[in-house]
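A.B. asks: Protein chains in written order, with numbering that gives the first Met the number 0: chain A, 0 to 244; chain B, 0 to 223; chain C, 0 to 216.
Relax, there's no trap hidden among the hints.
If you anchor each label on the Cβ, the simulated ranges turn out as follows:
hint, chain 1, residue 1, chain 2, residue 2, range
1, B, Arg51, C, Ala192, 21 to 31 Å
2, B, Ser48, A, Ala136, 31 to 41 Å
3, C, Val114, B, Asp179, 52 to 62 Å
4, B, Glu213, C, Leu128, 30 to 40 Å
5, B, Arg51, C, Val114, 41 to 51 Å
6, C, Phe47, B, Trp3, 19 to 29 Å
7, C, Ser51, B, Leu7, 21 to 31 Å
8, B, Pro81, A, Ala136, 55 to 65 Å
9, B, Phe216, A, Glu212, 45 to 55 Å
Treat the hints as calculated values from the structure; they're not laboratory data.
These numbers were taken from a predicted model, which means no experiment stands behind them.
Yeah, the Cβ is synthetic: ideal placement off N, Cα and C, and Gly gets one too.
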Amino acid sequence: MALLEVRNLVKEYDGKTVLAGVDLDLEEGQVKVVMGPSGCGKSTLLRCLNRLIDPTSGQVIFRGEDVTRPDTDVRALRQRIGFVFQHFALYRHLTALENVTLGLRKLRHMPAREANEKAMHELRRMNMHEHADKYPAQLSGGQKQRVAIARALAMDPAVLFFDEPTSALDPLMSREIVAVINQLYLDNVTMLCVTHDLFLAKYISDRVLFLDEGRVRAEGGADQMFSDHDDPRIRAFFGHGPQDR
Amino acid sequence: MSGWLSFLHDALDYWPQILAGLGNTVLLAVIITVTGLIGGVFVFYLTLSPNRLYRRVTEGYISFFIGTPLIVLLFLMYYGLPQWGLRLSPLTVSVIGFTMNVAAYNARYLMTAYNGLDHGELEAARAQGFSGLQVFRFVTLPQVLRMSIPGLTNQTILNLKDSSIVFLIQYTEFFAQMQDLAARNFQYFKTYLVAGIVYLLLVSIIVIAARQLERRFVMPGTRA
Amino acid sequence: MSFLQILTLLAAGAGYTLLVTLACIATGLAVGLLVAMLSRVRSRPLQFLLGSFTYVFRGVPVLVLLFLVFFGLPGIGIRVPPLGAMMLSLGLIAGAYLAEVFRGALDAIDQNEIVAAEAMGMSRLQILLSIEVPQMLRFSVPGMLNEFTTVLKYSPFAYTVGIPDIMKQAMALAATTLRGLEIYLAIGLLYFAIYKLILVAVRALERRFRVPGLTPP
Ligand SMILES: Nc1ncnc2c1ncn2[C@@H]1O[C@H](COP(=O)(O)OP(=O)(O)OP(=O)(O)O)[C@@H](O)[C@H]1O
Ligand SMILES: [Mg+2]
Chain A
0 MALLEVRNLV KEYDGKTVLA GVDLDLEEGQ VKVVMGPSGC GKSTLLRCLN RLIDPTSGQV
60 IFRGEDVTRP DTDVRALRQR IGFVFQHFAL YRHLTALENV TLGLRKLRHM PAREANEKAM
120 HELRRMNMHE HADKYPAQLS GGQKQRVAIA RALAMDPAVL FFDEPTSALD PLMSREIVAV
180 INQLYLDNVT MLCVTHDLFL AKYISDRVLF LDEGRVRAEG GADQMFSDHD DPRIRAFFGH
240 GPQDR
Chain B
0 MSGWLSFLHD ALDYWPQILA GLGNTVLLAV IITVTGLIGG VFVFYLTLSP NRLYRRVTEG
60 YISFFIGTPL IVLLFLMYYG LPQWGLRLSP LTVSVIGFTM NVAAYNARYL MTAYNGLDHG
120 ELEAARAQGF SGLQVFRFVT LPQVLRMSIP GLTNQTILNL KDSSIVFLIQ YTEFFAQMQD
180 LAARNFQYFK TYLVAGIVYL LLVSIIVIAA RQLERRFVMP GTRA
Chain C
0 MSFLQILTLL AAGAGYTLLV TLACIATGLA VGLLVAMLSR VRSRPLQFLL GSFTYVFRGV
60 PVLVLLFLVF FGLPGIGIRV PPLGAMMLSL GLIAGAYLAE VFRGALDAID QNEIVAAEAM
120 GMSRLQILLS IEVPQMLRFS VPGMLNEFTT VLKYSPFAYT VGIPDIMKQA MALAATTLRG
180 LEIYLAIGLL YFAIYKLILV AVRALERRFR VPGLTPP
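The whole structure should be built from the sequences, with the hints applied where relevant.
C.D. replies: Okay, here's the thing in structure tokens:
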């Protein structure tokens, strides 16, 4: 059974259609990358899936359960989806360790010791255990993002969402994060990743979706999408204009 | 309702005194707002002095007047100085006391604004050959004053409100007259309620005036 | 009257001054926090109410409100003890100012962090308590310090309602010794010392809870 099935998802902002009927399936253990021009609704899509935004219509079926229904326990849903943001969004008043333990303590009601152990484990996995007691302001961008990933992983989510995890990083740090996410891929973590970063997309994805004008315009393997696609808009996006022929 | 009617009647009887009191309140508030601003600019200028001693003394001055109650200063001058044969009128004491106090606060607003200033600009002015005082007059002060408008407005409101304490040293301003009225008609609640509303109205006038001022003088692009 | 006697009287007064100051600060903090929190609730009537509260209490002089509470309220059948009157006047006024301080601090919190907490599955209350309040309090330190100082500086008004604070003791001493100059100068320094004490205490607290790099953007 698919982990996530999205059917005909529509989102309108006062009459303006941002998502115009998106269909998407994500299997357990699968990694999909969503790409597309700026403003095409990628962030909106991710946020609709964990109900940070309420979709206008359509269905999101999470492990067989339609989570767009009004009686859905939204907070329980969100706890099963790890979310990693472009700008890290670490809690600035908490240390790296406390950032990771917060959810465990407040949402899982884990005793402090156990939460610390689990958090240290996740930080070690991200190779950040030596920085556990530092505050976000004392970390580099790449380090912040690794803490943010550890924070998401600590909750043992069914799936990880990434919204442009490398766009706020310089190329070197961006590589660092790509390597980390690639390791997660090798560990069979289910992921849905929005990115503009071709390098990241190539590395981690089984499948690439091309979102355009609120619809999934094409879906395919990374190689298939990046090299000479039949669709001129996709070719243009990936930089193979007609002049390349 | 009849209570309010009799209150109104008494207030009308007492109208000339109330009006005179209101005049005294406004007079004091206006004087100390002006002298406090001039004093504040002067103290602020001293805090920029290259001389360390000057800076230390002015910082001590600001800290002391921010840390001690104005009322103590007023009592010191009004009830203490006659001991040395120096008798000052309530208005004189009020103006001196408030000016010293308000100048300290205003200097601090100006200092905060100064710290947010683009210091490259000041260097540029120096490089152009302006003297220290010229840089202060033509570059620093105009900008710092504009940026401090919100703080200075607040201080003006505080000046008006705080002027209500000078009845304690026998200056017959508005609140003193209202207390007299209350002592005559025994309608303490109504009288003080009306006094509060009058202050609120006066404050509102300052708020509206300040908005106009801000709209005219705030530099475009200096505030988000 | 000996110097020692004078000192003991002033020390007793200092106790009352501290009591009044702390009681009014506590009132102000409670009211300020409540108003700031409620200002997050989306309700037009409530917002109008809160807006009116802060406007009125920032617009009325402390002494006028104190007299209204202490001398006025009994006229409509409500008797308030002196300390209560200080809390209902100076305390509420401090609350109105602190509400603005806290509200500004809340607005300075990075919205991305709130969204991240929502995405984690935290409830509104959990976000408020674990993310917003801790950051808000840190951002508010300068504003709180200002307001605490103001409360201390208005605390001498307590003498007008019969609380035997520093000011009241000083007036009595000035009347008996006829040395007003020295006495008022001395209590000026005494208030300044208490101000420095508050400053040191707040700074120490701030240092204890300081987070590197956490400044309002
Ligand atoms: N709250 C909102 N109200 C109105 N319009 C919105 C709102 N949020 C987003 N939009 C619009 O929806 C469209 C899609 O936004 P979204 O952030 O999902 O794009 P995106 O694909 O993530 O773009 P980017 O690559 O720049 O991050 C944009 O045109 C945006 O202006
Ligand atoms: Mg986006």
